[in-house]
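Participant: Read off the chains here:
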Amino acid sequence: MNTSTPRRAVSALLIVVLSAAAALAASPRIPVLVPITGFLSLEGTAQRNGAVLALETPPAGVAVGYEVADTGTSPEVAVNAMERALRDEGVAAIVAPILGTQMLAMLPLAAEYEVPLVTISGTAKLTEMGNPWIFRFFPGDAVTKVAHGRFVVEELGARRPAILYQTTAYGQSGHGHLASTFRSFGVAAVYEEGLDVSVKDMTPVLTKAMNAGPDVLVLHLHSGPTALLVRQARALGITLPVVAGSAMHQPTTAALLEPAELRDVCAESGSSPVSGGSPEMERFVAAYRGRFGSEPDAFALAQYDATRMVLAALADGASSPHAVRDWLAAHDFAGLAMTYRSDGRGNMAHDAVIVCYDGKSRVPRIAKRYEGVDLAN
Amino acid sequence: MDVLQLAINGLALGAAYALVALGFVLILNATSAVNFAQGDLVAAGGFAAVAIAGLVPAPGIVLLPLVVMLMAAVGLVVCALAYWPLRDRPPVAVFISTIAVGIIIQNGLNGLFGAEPRTVPPVIAGGHLKVLGLVVAHQSLAIVAVAAILVTAVHIFLARTQAGRMMRATAQDRPVAAALGVPVAAMVALTFALAAALAGTAGLLLANQYFVTPTDGTNFIVKAYIAVVIGGWGRVGGALAGALLVALFETIVAAWAGHSVAMALLYGALLVILVVRPQGLFGEPVGRRA
Chain A
4 MNTSTPRRAV SALLIVVLSA AAALAASPRI PVLVPITGFL SLEGTAQRNG AVLALETPPA
64 GVAVGYEVAD TGTSPEVAVN AMERALRDEG VAAIVAPILG TQMLAMLPLA AEYEVPLVTI
124 SGTAKLTEMG NPWIFRFFPG DAVTKVAHGR FVVEELGARR PAILYQTTAY GQSGHGHLAS
184 TFRSFGVAAV YEEGLDVSVK DMTPVLTKAM NAGPDVLVLH LHSGPTALLV RQARALGITL
244 PVVAGSAMHQ PTTAALLEPA ELRDVCAESG SSPVSGGSPE MERFVAAYRG RFGSEPDAFA
304 LAQYDATRMV LAALADGASS PHAVRDWLAA HDFAGLAMTY RSDGRGNMAH DAVIVCYDGK
364 SRVPRIAKRY EGVDLAN
Chain B
166 MDVLQLAING LALGAAYALV ALGFVLILNA TSAVNFAQGD LVAAGGFAAV AIAGLVPAPG
226 IVLLPLVVML MAAVGLVVCA LAYWPLRDRP PVAVFISTIA VGIIIQNGLN GLFGAEPRTV
286 PPVIAGGHLK VLGLVVAHQS LAIVAVAAIL VTAVHIFLAR TQAGRMMRAT AQDRPVAAAL
346 GVPVAAMVAL TFALAAALAG TAGLLLANQY FVTPTDGTNF IVKAYIAVVI GGWGRVGGAL
406 AGALLVALFE TIVAAWAGHS VAMALLYGAL LVILVVRPQG LFGEPVGRRA
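First to last, the protein sequences are chains A and B. My numbering puts the first residue of the first sequence at 4, with every later residue one more than the last. My numbering puts the first residue of the second sequence at 166, with every later residue one more than the last.
Everything labelled a hint here was simulated from the structure, so no lab data went into it. It is possible that some hints are incorrect.
As the list claims (entries may be wrong) - Straight-line distance between alpha carbons at most 27 Å, and here's what the computed DSSO-like set of lysine-lysine pairs gives:
id, chain 1, residue 1, chain 2, residue 2
1, B, LYS295, A, LYS211
2, B, LYS295, A, LYS203
3, A, LYS363, B, LYS295
As the list claims (entries may be wrong) - Covered stretches of chain A, as calculated for chain B (at least 3 residues, CB under 8 Å):
id, stretch
4, 35–48
5, 190–199
6, 205–218
7, 222–232
8, 238–246
Just so you know, even glycine gets a beta-carbon here, dropped at the ideal spot from N, CA and C.
Looking at chain B on its own, in the form it has when it is part of the complex (with noise of 0.2 Å):
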């Protein structure tokens, strides 16, 4: 029973840790960099929630739609000053621009709102089901249902639509994709764009039930990271099994044999899988890594 109890609270962290894999993953793909702002792009858009929930009280649902835009915005503006300057200098270049531009963001956030905890809004309504012995509160159904139709809907939009065909042909072959008159810049905006929105959404998701602080961020690119790592660098739906992978590691090893037990045992995982099976558990669509 406990097992199961923690596997619920597992895939609930899971799922919000699967959308911020998700958008390190299409930037990645889309540019051949790391985002290493994407975790701060998270909490940025837990904090966005925080503002809107100040001026709007309302549901987080209904604050969704206006936090995933405010951060599509600032996906632009992170993909104008961190990524497009560096576009023709090596991924290092960009793998160091995002750390400055993730810098940035935490020093914003500490200046606007404090260092202090935060919370936002329930999903939906407060409270919990208990079914069979299981406690299962909404905010976590709530999340997974999120995430779910997110994710869908990403894939949607990348395998049946015109502009997704474009972004991952971008993604496959930027050069090719220009000569065949793809607006390549155009590709690579959408790409930061979606990416934010969606690491701003697990940051909606996850203030409620876990907080949010101006320094987050480090603790999701690390998941996140790990996430793809263990999914294969550059498999959308290797990173979304990796970010389940790791959010269950994280509570049912954690209450087996202790957190700091687990996250090392974790740690070390990733050290046999980058030894053992460097391509990850589901392979690797790209060579090259930053």
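Here chain A stands alone, though its shape is the one from the complex (with noise of 0.2 Å):
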């Protein structure tokens, strides 16, 4: 009836996009989103860190403002900060936060906003959902999980795993992967438990473990349970190869071992920087060290390419939001860890590592890539 209303609203998306187009153009702007305190706050700093340090190294002839700001560990934290980035104008995209439930809570905002959420959140569920504004640039498990399991039993042969996994979403959805990924090759686990974050004693475990004759201990655990576990194992005299979760890979978790305890110690990760392996990924660890007085670990890489693709996009034109995930959508770009590509949900690292520590130092070599393994699928 009313002909003019259809009109009026496109006209007025028509003005919401070119001013927001305008406002990019002007100032493009990259908000820093994540937890810096609470219990993902080591994995925020790495992700604030790896961000900031693309955001004040931009391509030559973009300019780029960023303001960082602490979503803690509650939805609503990260909503409410999310809101406050969106106020002033020129948003390009933000870097979101590693943890699933933020995310969740913030991808309806990204919708109606209009801005794409470049992450390293693992939460499969978040590209699951036909959002077109989610860019995830860490494997996930289905990328992470398999080539964990590939390199049990193709490269170490083993035929009697037993699996220890955290009975935190975490630690479900990564023993789910791995268990299926066994099955593929006709493996079944010897052993299998979940265990509580708080679990501080791991011998009633390993005990347990023990007696049903694995030929190798596969871990999907935190930080700190990853390293208890380890240490206590080698205190025990259990000298059987461990071939762990990402969290093992991060130099602050193999701080608290000894070198000798991490003889045949794996572990699978997105990346490992500090293993080095080419000049560009040394320069960027000593940028790291120099910027922030830490090692940089791989989600500390995969922030850092993630906001580079983002700051290509802007150097390649994209004057707008939409743009900008276009772009990231449509393209593929050499990063540091890997090359990233969308597989059309958002999903953009597809590569894994696995790698080795030597029992001499707490820097591991990388034993093994398997690359575009859920592409293959």
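Dock chain one against chain two, each of which comes alone in its own frame, and use the hints as you go.
Facilitator: Following this line, the structure appears as structure tokens:
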């Protein structure tokens, strides 16, 4: 009946898009919203550092502003931080938190405001909801746990793994993918147990696991429990190889253990910056150490690469959040950790590495690379 | 053999829990209120050791006196902030204020040291003994030895010294103790200092073998609370026995049934004790609970 209503809506939308593009052209901003306090502060700080390092060294011709806000550990704080960041004009994209529950709360807002979120959150559901505004730059369990399981079976030749995992959502998701990978090789775990994050004494679970006669210990635990289990296993004289989750690649986890305790310990990860491998990687590690006084891990590198990809979009002329989103979705980007490309759902990272310690130092070497793991399926 | 191995590990863990529970009971008896910051004082002790070890690279046994002194001072601050202004209010006020202090300690540690686990030098040199097929870590032996020495010292202090007698008098009946000239305020402050020093010692002892993070306190206070309920609310010996029972439950039952089931059984046992024998296994000298 009223034909002017759709026209007005289209006009209003055009005005919003054009004004967003104009604002972006004037002064693009990339707010960094990450958990700097709370139980994920270690990972969140790595995220912040990676993003800040990239933002402080943008490509030639790109001037970009940013501010950092702490999202803590609750979804409400993350949503408030996002709304505050979007009050100002010119937001090209947002560096979004690693914490999955916060991301789930922020996704509807990203769709409403039409702004891309670049994150390293591993929660599988984030890219399964049909939201075109999310881009995940850290390989999920469908990549890392497949690489984890393949290394155990194909490289170590193990057939009797004992799987110890955390009872958190992170642990259970990883356990599911690991068990399924082992099944695909016709391998059944001889022992499996979920551990609460508060468990300090690992002797009981090690005793039970060893009674099952495993040929490898496969871990999918957070940082502290991983180090506790390795230390207590070695103290009990257990010399079985240990293939752990990504927590074990973190320099802060390795720092808890003596090099001798790390002998025959391997870990999956998206990357391992401290292992070097190329002059560019070594320059990144040196710059990170110089700027933050700490060692970079795979989370820091992934967020660095993610932010550099957004900056590359801006450098290539993406002049609105829509254009940035379309650029991220359509282009390949050669980062330091890997080449990123969207699978159509915003999953950008498809490679994983296995790193192993030699028992003499706390710096692991890359033992195996797995490329395009989920793309091959 | 497995059971013996587990018992040895459980004994070390139980010895550290015993120090936490002992401090918890001392404050409970002195103030009739639950100090819910006691677990966070354990974490604070661990981080105090981390900080001191950064300045003075030395074995834990050398760091211990410094940690004890620092944590005793922290205990005085907790007393001044969380207890003394509320001493005439119902015990629930102190209960709430100590929760608040615990949260402040957690966030303060997170801000100062970060969230990642940290470790400290071993109490004595690392390594382990092998006895009849059992592996006994030097650190476990050191934890048990230090805890035993401290518990004995606290017992002698309370039983044989004038200050200890005044502390016990304050715990038993504060108005009467005050009427008899006991410096009640000083005794309560001394109790907080002693409890914090014990918690800090536990933190140092545990931080090498089990690491320390800012949020560890919650776990320790729950264990101490369970130990005190099992052993008898306010009974020092009962709390020590309760702490050992909790630790042995965590190791031996967990090895038999798995950790999740063991924890469910532990909390189930706690409920049964609360219903069937609320005074605890060893009786209850204090009739008033927070």
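Participant: Are any of the numbered hints broken by this structure? If so, which, sorted upward?
Facilitator: none
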